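S.K.: What follows is the residue order along each chain.
2 protein chains.
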Amino acid sequence: MLSGPSGVGKSTLCQKLLSSVPGLEFSVSFTTRPPRPGERDGVDYHFVSESGFRRLRSQRRFLEWARVDGQFYGTSKDQAAQALQRGADILLDIDTQGAEQVQKRFRDAVLIFVLPPGPASLRARHRRRGTDPRVRERRLKLAHQEVLGSKRYDYLVFNDRLETAFQDVKAIILAERCRSKRQIFRARKVLLAFRRAASG
Amino acid sequence: MLSGPSGVGKSTLCQKLLSSVPGLEFSVSFTTRPPRPGERDGVDYHFVSESGFRRLRSQRRFLEWARVDGQFYGTSKDQAAQALQRGADILLDIDTQGAEQVQKRFRDAVLIFVLPPGPASLRARHRRRGTDPRVRERRLKLAHQEVLGSKRYDYLVFNDRLETAFQDVKAIILAERCRSKRQIFRARKVLLAFRRAASG
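Residue numbers (our numbering), protein chains in the order written: chain A, 71 to 270; chain B, 71 to 270.
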C-alpha cells in the first residue's frame, strides 16, 4: 500500500513500478471524484457517481472505503482476491484511513508512506495542476493530517527526487518478497535436499 | 549480516555489494584458517595464529567469535563501532552462531541467509576450489546445520543465479534503510514544516 499526501507523486511512482516490477498489479480504486486531465476510467480509477458508489458499498464489494475531502474512495474486493490467487502482489494507492482498514484484514500487507520534502513542494504541484486556491489550502491541511498518520507505516520514502523514491519503493517490494515468512515453501525444498544428502 | 553455507557465494556477493551500495562497509573478520588462493590479509580476513586469536579474545576485542570446522572466526569490535559512528552500515560475512550473538547485542541488525539451490551446487563449488574430498563431505554436513539455522533469519535469498541474489540483497539493504524506525529524524523535519505551514 502506497500512501502519501495529494500531490506527492504517488501516481507517477505507481506507473513506474508497474512497468518495471514483474508480478505486481495495480488495484484500480473506485472513486466519486471527477477525473483529472489525462486520467482514464478503468485504468487510473473506476469513476462512479455517488449513488453508484453507495450501491457497491451496500453490496459489500469494497475491501475498504473512505471519504476524503468530500469524495468517496473504495478498493475492490474481487480484484484483490483474484490477483492474490494468481500469486501476484497488489499495489494500492490508498489514503491513511483506508490503509489502516486493509491492514486489519491482511496482516501481511506492507505500508509505505511517501513524504514530500515539505509543504512548499505540494503547493507548487497543486498550482501546476491548476487546483483552485481554496481547495489547495484545504488539501494542505489534509496533507498535514496524512503526514501525521505516517507514524504507523512500515516504511517512509522521501520523494525529494523521483528516481531515488522510485528505487526505494522498488527495493522495498523486492525485499519484502525475500522475507523468511514468504519463502517458507521454497526454503523447505532446499532443506529437504540437504537432509536427503546428509542421510544418503 | 550475511550468512550461508561455505561455497554458496557469500564473498562474491559481498564484493559486488561493496562496490555498488554507497555507505556500506565490510567488517574484516579475524580467522585462524589459512588463506585461500587470491585472499588478501587485511582485506578478506585478518589472518592470525591460534595464539594470536586467543590473545585478542582475552582482550575482549571481539563482538562475537565462533569455532567452525576447527577454525576460529571473530568480528572486530573496534571496526564495527567506528563504522557505526560514521553513520555507515556494516556488512558482516558471518556464520549462524556468530549472527545470533551479534543480534543479541544489536537488535537493529538485519539477518540475511543465502541459500544454494541444493547440496549438489555446493559440492561442485568445493570440487572447483580443489577442497579435499573428506573436508568436502564435512563441509556439506556443516552446510546442513547452517541451513537449519536459517529459520531464525529475517530474509532468505536464493543464489540460483548470482545476479538475482545480488539484486535481492541490495534491495534488502536499501529497503531496511527506509524502515520508519530508521527515518524518525528526517520524518520529524517534514512534520515540523507541515505544522508550521498549518499554524502560520
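Bear in mind the hints are in silico, worked out from the structure with no lab data behind them. One should not assume that every hint holds.
If several chains are the same, the list does not tell them apart, and a pair holds so long as it fits within one copy or across any two.
What the hints assert, rightly or not - Using 35 Å as the maximum straight-line C-alpha spacing, the simulated DSBU-like pairs for lysine-lysine come out as follows:
| # | residue 1 | residue 2 |
| --- | --- | --- |
| 1 | K174 | K251 |
| 2 | K86 | K251 |
| 3 | K240 | K211 |
All of these numbers come straight from a predicted model, not from anything done at the bench.
S.K.: Hints the structure violates: just list their numbers, smallest first.
M.R.: Checked against the structure, no hint fails, so every one of them is satisfied.
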